[in-house]
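Visitor: So you can see what is in the structure, the chains are spelled out below.
There are 2 protein chains.
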Amino acid sequence: MKAFICGFGTIGQGIAQVIAEKEDYFQERYGQPLLIVGAMDSKSYCFDKKGMDAAELLENKKTTGRVGDRTYTKPEDALDSVDFDILIEVTPTDVEDGGVGMDNIMYALNHKKDVVTVNKGPLALKYREIMDLAEENGCLIRFEGTVGGAMPIINLCKSDLAGQKIKSIRGIFNGTCNYILSKMDNGQPFEQALKEAQQQGYAESDPTSDVEGYDSACKVVILANSIFGRNATFDDVDITGITSINADAVALAKTNGMVIRLIGEVSATKLEVAPRLIPKGHPLSLPGTLNTAEIITEYAGPITVSGKGAGRLETASAIMSDLVAIMDKRIGE
Amino acid sequence: MKAFICGFGTIGQGIAQVIAEKEDYFQERYGQPLLIVGAMDSKSYCFDKKGMDAAELLENKKTTGRVGDRTYTKPEDALDSVDFDILIEVTPTDVEDGGVGMDNIMYALNHKKDVVTVNKGPLALKYREIMDLAEENGCLIRFEGTVGGAMPIINLCKSDLAGQKIKSIRGIFNGTCNYILSKMDNGQPFEQALKEAQQQGYAESDPTSDVEGYDSACKVVILANSIFGRNATFDDVDITGITSINADAVALAKTNGMVIRLIGEVSATKLEVAPRLIPKGHPLSLPGTLNTAEIITEYAGPITVSGKGAGRLETASAIMSDLVAIMDKRIGE
Numbered sequence: 032m033k034a035f036i037c038g039f040g041t042i043g044q045g046i047a048q049v050i051a052e053k054e055d056y057f058q059e060r061y062g063q064p065l066l067i068v069g070a071m072d073s074k075s076y077c078f079d080k081k082g083m084d085a086a087e088l089l090e091n092k093k094t095t096g097r098v099g100d101r102t103y104t105k106p107e108d109a110l111d112s113v114d115f116d117i118l119i120e121v122t123p124t125d126v127e128d129g130g131v132g133m134d135n136i137m138y139a140l141n142h143k144k145d146v147v148t149v150n151k152g153p154l155a156l157k158y159r160e161i162m163d164l165a166e167e168n169g170c171l172i173r174f175e176g177t178v179g180g181a182m183p184i185i186n187l188c189k190s191d192l193a194g195q196k197i198k199s200i201r202g203i204f205n206g207t208c209n210y211i212l213s214k215m216d217n218g219q220p221f222e223q224a225l226k227e228a229q230q231q232g233y234a235e236s237d238p239t240s241d242v243e244g245y246d247s248a249c250k251v252v253i254l255a256n257s258i259f260g261r262n263a264t265f266d267d268v269d270i271t272g273i274t275s276i277n278a279d280a281v282a283l284a285k286t287n288g289m290v291i292r293l294i295g296e297v298s299a300t301k302l303e304v305a306p307r308l309i310p311k312g313h314p315l316s317l318p319g320t321l322n323t324a325e326i327i328t329e330y331a332g333p334i335t336v337s338g339k340g341a342g343r344l345e346t347a348s349a350i351m352s353d354l355v356a357i358m359d360k361r362i363g364e
Numbered sequence: 032m033k034a035f036i037c038g039f040g041t042i043g044q045g046i047a048q049v050i051a052e053k054e055d056y057f058q059e060r061y062g063q064p065l066l067i068v069g070a071m072d073s074k075s076y077c078f079d080k081k082g083m084d085a086a087e088l089l090e091n092k093k094t095t096g097r098v099g100d101r102t103y104t105k106p107e108d109a110l111d112s113v114d115f116d117i118l119i120e121v122t123p124t125d126v127e128d129g130g131v132g133m134d135n136i137m138y139a140l141n142h143k144k145d146v147v148t149v150n151k152g153p154l155a156l157k158y159r160e161i162m163d164l165a166e167e168n169g170c171l172i173r174f175e176g177t178v179g180g181a182m183p184i185i186n187l188c189k190s191d192l193a194g195q196k197i198k199s200i201r202g203i204f205n206g207t208c209n210y211i212l213s214k215m216d217n218g219q220p221f222e223q224a225l226k227e228a229q230q231q232g233y234a235e236s237d238p239t240s241d242v243e244g245y246d247s248a249c250k251v252v253i254l255a256n257s258i259f260g261r262n263a264t265f266d267d268v269d270i271t272g273i274t275s276i277n278a279d280a281v282a283l284a285k286t287n288g289m290v291i292r293l294i295g296e297v298s299a300t301k302l303e304v305a306p307r308l309i310p311k312g313h314p315l316s317l318p319g320t321l322n323t324a325e326i327i328t329e330y331a332g333p334i335t336v337s338g339k340g341a342g343r344l345e346t347a348s349a350i351m352s353d354l355v356a357i358m359d360k361r362i363g364e
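As given, the protein sequences belong to chains A and B, one line each in that order. Take the position in the first sequence, starting the count at 1, then add 31; the result is the number in the numbering used here. Take the position in the second sequence, starting the count at 1, then add 31; the result is the number in the numbering used here.
Isolated chain A, as found in the complex:
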């Protein structure tokens, strides 16, 4: 099988590394390798139908800032350069119009390629359209890493909890906000906690997407569509971020044995992101940068899962499980 990696920042480099490390795993499970035949970043690309050395790609990127020697004007020129089976789409999320990620995914599906993505934009904006196109063209598309990073949730609901209704999911889907709110639990003001999150590398220099709840909103939309069969988009989410939470609110919560957490909530009828009072000791009161979800099921009651919501190898872990699922179907276990 042949993969093309779109996006060669932290996540793209992580999955290239992991695919290389797992050479023996693929060989043993499928009797064939998973080759990286193409890779592109925001400007450059490279390809080789015989497969490329991941270490070399990483070294190129590190020394030149470019994954390849070639420059493209339209992304499809890069994608046209070599035949591949699976698109690994890991360009940055854009919730305005889906950005280049949307174009890349559409290109792949229109060319009957399978897709693994962690890009939230396209799925938060045009989920149904993308899934319909995939089905029409016989493509598999998986996106475990779009929600919760390394924390399994989409495939967990669809496979491990198959055959029963999921009633609702409530979760902490943004580690940056949770880090800030945990710091505020200990008396830090919002601004200082945010600054610390930025220093620790948890928050971007422009933290809007995190602290305004937009990132969490993308994730609940994807859950609404993939788990609850809804046809929702980003604009359908009621979003309240954490910027207006002050020390008084946190202190008042504390005197009542509660903490404030940014909770995404989704069900057949709900689609919300908002700060919520959570009793201390409740699974959703967890401090730190982990993501956590509480899944309320028809027969199994509540199932709780937590894991690292972001990170180079953590996200690669979600991508790997999707690659394996696709290769299991295409080649057989």
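What the hints contain is simulated information worked out from the structure, not anything from laboratory work. Hints may be right or wrong, so weigh each one.
You can't tell identical chains apart in this list, so a pair holds if it fits in one copy or across any two.
DSBU-like, lysine-lysine: derived pairs with alpha carbons at most 35 Å apart [what the hints assert, rightly or not]:
hint, residue 1, residue 2
1, K157, K92
2, K80, K33
3, K81, K198
4, K92, K74
5, K92, K105
We have chain A; now place chain B onto it with these hints.
Guide: Just chain B now, with coordinates in the frame of chain A:
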């Protein structure tokens, strides 16, 4: 597809009910029903190749104590009575020799039938032999409900975390012990906590299997074999139960910010069940009857999952996900 249910106690009745409730689900997903063509309890059986009404089976059992009119001398006489595709094996666990569950599973595999089971005995005693026979005869066998009840763990590790090494799993795999230990956290002596667990229906009148750690031991063996590719049996587990834990030990733990929990631990080299000191606030410090597991992974770091470890519909939920997985493979999604 046609199922034969072996064992018609709490779990057998639960899965019969759920299969009936999900008639439309099967029809929609597969274009055909999942028929219950046979059912047996410890003495009686019944069959109908056209499928039987679950409500009637439950009513029979309730009013007569028997699932069917017919009496068998050897279980295989019941299994011989009707053609079926999937054996649902939910007789009680027997860790001496696997009991009737072992015979039923062997019968099914020898007759090229797929198997879903929550019976821990056969898999804790002869895992490798059973898997080899299944593979030889082209049978699928799934057993999510043997560990953690409704809490997804086996399929979670094998599918959702596919493509990376699982380094270790530590967990609370017995809700009864956890209930008792939680009560002891609050100052109750062991005997009183056990009595309360029995009154609440969490502990059997003979609580040996739970409090001596045998039940947890079965579960870690199954994880060792299914997740870590080991060839372990029940006798390989280092087992210490909770009967020797006294109020002093619990109080001492408490003064150090710890609680005592019965932890099952498994890795490529470890296979243990023992009471452990767990810091308060750690996922494994959870009070109550839930099961919890902390899965340490190669790329994703720790993933934690928790859910109800037992119960009629909770266990049926695990069985359902296995039935769906088998039918997906046999019929296609």
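Visitor: Look at each hint and say if it fits the structure.
Guide: Results of checking the hints against the structure:
no.: 1; hint: K157 x K92; result: within (32 Å within a copy, 51 Å between copies)
no.: 2; hint: K80 x K33; result: within (8 Å within a copy, 47 Å between copies)
no.: 3; hint: K81 x K198; result: between (47 Å within a copy, 33 Å between copies)
no.: 4; hint: K92 x K74; result: within (12 Å within a copy, 70 Å between copies)
no.: 5; hint: K92 x K105; result: within (20 Å within a copy, 69 Å between copies)
Hint check: no violations occur; every hint is consistent with the structure.
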